[in-house]
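Asker: Below are the chains, spelled out letter by letter.
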Amino acid sequence: MTVIDIRIELKKGVADPEGSNTKKTLEALGFKGIESVKTVRIFEVSIDAPADEAKARGEEMCKTLLANPVIQSYGVSVR
Amino acid sequence: MTGAEPRVCVLRMEGTNCEDEMAAAFREVGAAAELVHVKQLSAAAPAHLRRDLEDYDILALPGGFSAGDYVRAGALFAARIKSSAGAALRRFVEAEKPVLGVCNGFQTLVELGLLPAMGDAMPPAPEAALCTNDSGRFECRPTVLRMDNRGSCAFTSGIPRGALLAIPSAHAEGKFASADPDIVERLEDGDQIAFRYVAPGGGPARYPWNPNGSASDIAGICNPAGNVLGMMPHPERAISRFTHADWTRGYSSEDGDGKALFASAMRAVRPRS
Chain Y
1 MTVIDIRIEL KKGVADPEGS NTKKTLEALG FKGIESVKTV RIFEVSIDAP
51 ADEAKARGEE MCKTLLANPV IQSYGVSVR
Chain P
1 MTGAEPRVCV LRMEGTNCED EMAAAFREVG AAAELVHVKQ LSAAAPAHLR
51 RDLEDYDILA LPGGFSAGDY VRAGALFAAR IKSSAGAALR RFVEAEKPVL
101 GVCNGFQTLV ELGLLPAMGD AMPPAPEAAL CTNDSGRFEC RPTVLRMDNR
151 GSCAFTSGIP RGALLAIPSA HAEGKFASAD PDIVERLEDG DQIAFRYVAP
201 GGGPARYPWN PNGSASDIAG ICNPAGNVLG MMPHPERAIS RFTHADWTRG
251 YSSEDGDGKA LFASAMRAVR PRS
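Heads up: the sequence lines are chains Y and P, in that order. For reference, each letter of the first sequence is one residue, going 1 to 79 in the numbering used here. For reference, each letter of the second sequence is one residue, going 1 to 273 in the numbering used here.
Because the hints were derived from the structure by calculation, they are not lab data. Beta carbons are placed, not taken as given, at the ideal position from N, Cα and C, and that holds for glycine. Careful: at least some of the hints might be erroneous.
The calculated lysine to aspartate or glutamate pairs, modelled on DMTMM-like cross-linking and capped at a C-alpha distance of 20 Å, are [unchecked claim]:
| hint | chain 1 | residue 1 | chain 2 | residue 2 |
| --- | --- | --- | --- | --- |
| 1 | Y | Lys-11 | P | Glu-94 |
| 2 | Y | Lys-12 | P | Asp-134 |
| 3 | Y | Lys-63 | P | Asp-134 |
| 4 | Y | Lys-12 | P | Glu-173 |
| 5 | Y | Lys-38 | P | Glu-173 |
| 6 | Y | Lys-38 | P | Asp-134 |
A few chain Y positions that, by computed beta-carbon distances, are all more than 12 Å from chain P [what the hints assert, rightly or not]:
| hint | residue |
| --- | --- |
| 7 | Ala-15 |
| 8 | Leu-26 |
| 9 | Ala-28 |
| 10 | Asp-48 |
| 11 | Ala-51 |
| 12 | Val-70 |
| 13 | Ile-71 |
| 14 | Arg-79 |
Examples of chain Y residues lying across from chain P (beta carbon under 8 Å, computed) [unchecked claim]:
| hint | residue |
| --- | --- |
| 15 | Val-3 |
| 16 | Val-14 |
| 17 | Asn-21 |
| 18 | Ala-49 |
| 19 | Leu-66 |
| 20 | Pro-69 |
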């Protein structure tokens, strides 16, 4: 079994209110020196396929469903 | 019903809402509206439940939080529609039958690639997105829309250009975004802008009258052919005067401002009536 790790993040310039509100709250709790907080989403897909094929399938999954290319970028790795 | 009424498919799945209001709005203007679960469009549906998009004249995607807004708002609903009836949907759109998506339905139309669809009618990947509101919050409030279409849109033919409509909004992701920096100009040139947010009286809409921060105050857009309309505000919630935000403050019409959209769509499918 191969595990595909898919990381979806917002492209630069796209507002991330969840991240910015979390940053504010962490600061309110006393955490100092926080440069930024951004939210990312990880999907772990277990698949019965060899690693190279799994990576290609993972990229296809991003293109067809998991990422909207207008606002999100994706990274795919397998283990 | 006489059987001659235009047939409306109000498509639903787990998490959609306002589908009853959507069906009621179409019935109010004389259509035969049916709630259809997306599973019923699949070839795997039992024969007595199976529905075919081709049997309908109008398709409506209601609001809500389809599939819990998992992955992205509208993404899973779009994928389910594509996998059940993608080819039929493309034929429906290319036949220029009216398609309306409200709120989550608009998000779904964008995820389907049906809006803005400046090239192919249904490209394989979305060409726009509806991003989180600038406020970072769910915005549920009265909004005022100005009808800005110059004649292409099937849902605005019965609404004078420049008319102001009181139609409520309720969404967390309604800020229209595209990778194309000239998107507003291109939408304008192609007569694809249907509605803009304005302040009461028609002035520029600053927050909260533009509840999400959309560029150029865009509230609703159509495809180049004008048969597909997506909008964040909910016209189906403004069918009667009793759901108009100002109905106790001198609002005189018997109808809510949203009704004209549905009446316009009926004209598009029954041109001579």
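Asker: Determine for every hint whether it applies to the structure shown.
Answerer: For each hint, the structure was consulted:
Taking the CA atoms of Y/Lys-11 and P/Glu-94, the gap is about 32 Å. The hint is violated against a cut of 20 Å. For the suggested pair Y/Lys-12 and P/Asp-134, the alpha carbons sit about 16 Å apart, so the restraint of at most 20 Å is met. The straight-line distance between the Cα atoms of Y/Lys-63 and P/Asp-134 is roughly 26 Å, outside the 20 Å bound, and the hint therefore fails. Between Y/Lys-12 and P/Glu-173, the direct Cα distance comes to roughly 18 Å. Compliance with the 20 Å bound is thereby established for this hinted pair.
In summary, the hint linking Y/Lys-38 to P/Glu-173 is supported, as the alpha carbons are separated by about 18 Å, within the 20 Å threshold. Distance restraint check for Y/Lys-38 and P/Asp-134: the Cα-Cα separation of roughly 16 Å lies within the 20 Å cut-off, and the hinted pair is therefore satisfied. A beta-carbon of chain P comes within 12 Å of the beta-carbon of Y/Ala-15; the shortest separation is about 6 Å. A cut-off of 12 Å between C-beta atoms confirms that Y/Leu-26 is not in contact with chain P; the least separation is 16 Å.
With a least CB separation of 16 Å from chain P, Y/Ala-28 remains clear of the 12 Å interface cut-off, as annotated. Look at Y/Asp-48: its CB is around 21 Å from the nearest CB on chain P, clear of 12 Å, so calling it non-interface holds up. The Cβ of Y/Ala-51 lies farther than 12 Å from every Cβ of chain P, with a closest approach of about 24 Å, so its non-interface assignment holds. Remark: the non-interface label on Y/Val-70 conflicts with the geometry, its nearest Cβ contact in chain P lying 4 Å away (cut-off 12 Å).
The non-interface label for Y/Ile-71 is inconsistent with chain P: the shortest C-beta to C-beta separation is roughly 4 Å, within 12 Å. Even its closest Cβ contact with chain P, about 22 Å, leaves Y/Arg-79 beyond 12 Å, as expected for a residue assigned away from the interface. The restraint placing Y/Val-3 at the interface with chain P is violated, with a minimum CB-CB distance near 19 Å, outside the 8 Å limit. Here the hint on Y/Val-14 is kept, as its CB sits about 6 Å from the closest CB of chain P, short of 8 Å.
This hint holds: Y/Asn-21 has a C-beta 6 Å from the nearest C-beta of chain P, less than the 8 Å allowed. A hinted interface residue such as Y/Ala-49 counts as satisfied when its beta carbon comes closer than 8 Å to some beta carbon of chain P; here the least separation is about 20 Å, so the hint is violated. The closest approach between the C-beta of Y/Leu-66 and any C-beta of chain P is roughly 6 Å, which is under the 8 Å cut-off, so the hint is satisfied. The restraint placing Y/Pro-69 at the interface with chain P holds, with a minimum CB-CB distance near 6 Å, inside the 8 Å limit.
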